[in-house]
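Participant: Next come the chains, spelled out residue by residue.
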Amino acid sequence: MTEAVLAAEAPGAAAPGASGARQFWRRLRTQRATLVAAVVVALLVLVALAAPLLTAIEGQDPTTYHPSLVDSARGGVPIGSFGGISGDHWLGVEPQTGRDLFARLVYGARVSLGVALAATVVQVAIGVVVGVAAALGRRWVDQVLSRFTDVIVAMPLMIMALALLAIVPSSFPRPVLVALVIGLIAWGNIAKIVRAQALTLKGLDYVAAARLSGWGTWRIARRELLPGIAAPVITYAALLVPANIAIEAALSFLGVGVKPPTPSWGQMLTAADVWYQAAPQYLLLPAGALFVTVLALTVLGDGVRTALDPRAASRLRVGTGRKREARA
Amino acid sequence: MSGLAGLTGFALRRTVGALVTLLAISVIVYVVFYVTPGNVAQITCGPRCSPAQVQQVAEQLHLNDPLYTRYLNFLQGLVAGQDYSTGTSVQHCSAPCLGLSYQSDQQVTALILAKLPVSLSLVFGAMVLWLILGVGTGVLSAWRRGRLTERLLTGVTLVGVATPVFVIGLVLMIVVCGQLQLLPFPQYVALTDDPEQWAWNLLLPWLSLALIEAAAFARLTRAAMLETLAEDHIRTFRAYGVGERSVIGRHALRGAVAPVIALNANNFGGAVGGAVLTETLFGLPGIGQELVHAVNVVDLPVVVGMVLVIGFFVVLANAVADVLYAVADRRVVLA
Amino acid sequence: MRQPSVIARRVAAASVSLVVAAGAAACGPEDNDAKGAGVDSTPHKGGTLTVLNSDPQQDFDPARLYTSGGGNVPSLVFRTLTTRNREDGEAGAEVVPDLATDTGRPNKDATVWTYTLKEGLKYEDGTPITSADIKYGIERSFAPELSGGAPYLRDWLVGAADYQGPYKDKKGLLAIETPDARTIVFHLNKPEGEFPYLATQTQFTPVPKDKDTGTKYEEHPISSGPYKVVENENDGEHLVLERNTYWSASTDAERKAYPDKIDVRSGLDSSVINQRLSSSQGADAAAVTTDTNLGPAELAKVTGDQELAARVGTGHFGYTNYIAFNPTIKPFDNVKVRQAISYAVDRSSVVNAAGGSALAEPATTFLPNQKSFGYTPYDHFPAGASGDPAKAKELLKEAGHPNGLTVTLTHSNAKDFETSPEIATAIQDALKKAGITVKLQGLEENDYSDKIHDVQTEPGFFLAHWGADWPSGGPFLAPIFDGRQIVKDGANFNTGLLDDKSVNAEIDAINKLTDLDAAAKRWGALDQKIGEQALTVPLFHPVYKRLYGKDIRNVVISDWTGVLDISQVAVK
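Protein chains in written order, with this note's numbering: chain S, 1 to 328; chain F, 1 to 335; chain V, 1 to 572.
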């Protein structure tokens, strides 16, 4: 079924045993690419958290205009080579406004990563609750929840986001709102994955045994199902984060994203796309930052999945193992 | 599954389910847009309209009726059709009538019929490309797993994931159409008018959309193939000296067919209405572009009609996915 | 004015895009390149002109269009009693006869206006155009089914306020008389010396009653102009116009109508339009746009390329972007606070945010800086190029805010250059230097428009803009500053809620004048006087920069529309 397919990248129902956590870390440590990705992600988060500090070191902030640094007669293109890069402005300045690009980029990381992560948390939370409830609940509960999930999946995400963002009063903190809206609209697929996975687990012997021995539904869900669901959920969530960054960018493109002067990568990309010829670095900076983030998160997600799922790990060894044998 | 009877039952259950889903969607859209800010009558009438005129327009559009009356009228039009006045004559909008656009007074059904071919052209063509790009990349990287080729391919597909479509599209357009002048600037030509021009004009939009979707297929294909490669019978083939090319092409790829079909149906449904940005950038007069405009001017009949059409395609695509998945993998039972 | 860009694409489209494009603009005095490449080569008849637009010609019905001077594409199909002079620059801001033999004959106090139609006028089907058809065309613009036009007819014609159009009310408008087939007489509520300007709007287009199909008329409106509609796909998204063989140049001194065919394609992204015009390949070589400006990024590229720079038309449309105050809300009830903000504003940042000095000219007057508006230069609160925070602080101190002030600036989130978040943040940044902390309240477009035009919800401090319905001070000042135009239960445009007897009396006095030059001078003086109250802070006047294809000849850009006049363009 479809939901099974969505989870296909994250197979492996094996529930980690008591020693699961230790094994997990051991396996994770053996993958170099994953470790590099983890370091990159950690750095990005660090940069985002330390944005005020970093910009203080540079001596700039993300909102001050510098009209003297742009050529007003030429549409406001930055004066100087490479977009006005200088000791004062490490990555140059924004066209038209002359705001410092380094400051906007690091502050933008806060918003983009923050919104994307928060939205992912909301998606995962709703998805897991709905999915597990549907799998363990009575038939009618499953029917209602599954139908509701279908409705959510069938609604055009952008359109609902446009409408919802227009309804909520503007006094509501915008980044929180954008995260909430993305989270509340786009949890359908993860709920389907969780439900399918939970149904499979429910049929397994050890869960059946637990049920026979009189465990309550809640206890079964917590002790037996959640660990088994973790692998596909984490893998899928690692893909959701970059997808959510892209959604935030698209909302900015349609004019309903995070509000100025708060910078976000999505907003920078939206503003920068037309400057591709006149001020290329303006587009390349946020695009590059986004690319590195997505790449790191994807590799990290893969690594975590492999570490969580021994079958996948052994599978990956098939190829490399053969090669070594051949060389030998 | 027991043959025909099972299939009929499946179709019946799915149809009922789809209808319930679509009805629920229409209710949600009605409620959401009812509370959306924007004085519909003033927007329709024009910003300089006097209060009296605005009132006349509101009556004309039945905006003063309570929400449930308006929704019931909508359902009635859907089932029985509806008459409306052009001022000089009375016209009939036959069932299923989705009402008239507040803004343009056009029948929503006619509007959808005009826009749908554009969206379907875009998505179908892009689908072919994303399957070629995605599955091709997936196969190559499963084959060359662990080597530089795989890393490079993964990197390239990730560019698609990481770059918003409006950036990819614009840069493609400036380079391919503007600087290299290899293609004309896209301008929608109907397939029925001139198939060749249709394809040339849509090539760039297809490519932009396909680049975004391809990565998911590449990852899925690679994962499914690696899983199959790990299975015992493949080891056996290898042990008997079957060539790597044959192992990959004949046996491992087969394992990827079912999930790829299903993911494809899933993405296809979403893309019919989800290609908003691609349509906007390339000026393709499709469903997505019209819908964004309708949302901005709170043109409720158009919004409801188009969201329902999009929902219909998602539901349909999911049902097709389930059938195909069952056909490709006999172990699955249709439910 | 038209308040363009707003929500309603219909309005924006109708407004001839003048508005939409307001994006950027700029002009420098040195921009005499308006004539473009083709100016010395003689224009010839023939060929196909392509129009690449972003907004579709939705509602292509003369009753529903909201235009300044009859619009650009609409004016090819719809003739009106009077029209704008199709000449470059200042001369183009004059009103001239179109279907009528003159610009109108007023009675002594300008409350009755009489027009006589030219002889030999015909529709596309060869039937003659009569004064009754013009009357009918005006009447149907009152039908709620065909709403969208400007408010003036309803306000000015005797007994028109509650008229619901000819579909519901068969008696018709008594204020319009047609004593014979060539004469039409208008009776007005009060003196209106600028009636000839109003008669340029498409509502003054003749519509034959037996061809009227109500809301369907837009699909194929009957042409009175040089071109007729042969194709109208997707509600104005793709429009093909071909010659109307019954139109005769001998009755039309304004429209040149060189091309044989006009192909209007809309729904295009603005950067795509400019990219296509700059590459000028194939049919795009004979292409223009009537609604898309060059953006700042494109301008940066164009200015570096002589070939491209020669293909840019520069124009001015009467338009002002400004900060509006609502003096009923604290602290903006204090004139010193309003003055302090006027001093603190950094117009060079604002101009940059609007696209730079080529696309926006700093404004210190509410009236646009053109002669026809009666432009009278003044700068009551000189802030220089980048603001005078010291003076602002001083005023704040006098106003009782020695430690500064925190205020909220409301703006629209719409992605255009006019009221956009970028301009709001430029103001926020400048006011910080004067000790004023600005919080930004960005609203979705519909919400913004509802709020600022409703006296109950109007914010105290917000970004606004105003454009000309015709190039004169009347439609620019009256809706904004005439106390009797404050609307309590609907869309209100007098956002400063000014109800000053002397201002009202002066508006009435100027409206009596039929000497438009004399009227212009007094509008200018009135603007200067109102400016003292600091109810608005004028920010900038946009300048239009439009690229056109390399085969385009005979480029004419008037001060009325500010954009290349499509009726003058030749492609051969």
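I should point out that these hints are in silico values taken from the structure, not numbers from a laboratory. Owing to the predicted nature of the structure, the values given are computational and were not obtained by experimental measurement. Any given hint might turn out to be false.
From the derived model, a few chain V residues whose C-beta atoms are all more than 10 Å from chain F [unchecked claim]:
{"#": "1", "residue": "Thr42"}
{"#": "2", "residue": "Arg140"}
{"#": "3", "residue": "Leu174"}
Distance ranges between label pairs, derived from CB positions [unchecked claim]:
{"#": "4", "chain 1": "F", "residue 1": "Asp83", "chain 2": "S", "residue 2": "Ala125", "range": "47 to 55 Å"}
{"#": "5", "chain 1": "F", "residue 1": "Pro96", "chain 2": "S", "residue 2": "Phe148", "range": "19 to 27 Å"}
{"#": "6", "chain 1": "F", "residue 1": "Ser85", "chain 2": "V", "residue 2": "Asp109", "range": "38 to 46 Å"}
{"#": "7", "chain 1": "F", "residue 1": "Ala95", "chain 2": "S", "residue 2": "Ile167", "range": "27 to 35 Å"}
{"#": "8", "chain 1": "F", "residue 1": "Tyr34", "chain 2": "V", "residue 2": "Ser248", "range": "47 to 55 Å"}
By construction, the Cβ of each residue, glycine as well, lies at the ideal position given by its N, Cα and C atoms.
Participant: Please go over all the hints and tell whether each is borne out by the structure.
Facilitator: Results for each hint:
1. Thr42: Holds: least Cβ distance 30 Å, greater than 10 Å.
2. Arg140: violated, 8 Å
3. Leu174: About 18 Å separates Leu174 of chain V from the closest Cβ of chain F, which puts it past 10 Å; holds.
4. F:Asp83 / S:Ala125: 47 to 55 Å: holds, 49 Å
5. F:Pro96 / S:Phe148: 19 to 27 Å: Since the Cβ atoms of Pro96 of chain F and Phe148 of chain S sit about 25 Å apart, the hinted range of 19 to 27 Å holds.
6. F:Ser85 / V:Asp109: 38 to 46 Å: holds, 41 Å
7. F:Ala95 / S:Ile167: 27 to 35 Å: Because 32 Å falls inside the window, the suggested range holds.
8. F:Tyr34 / V:Ser248: 47 to 55 Å: holds, 53 Å
This entry does not satisfy hint 2, going by the numbered hints stated previously; all others are met.
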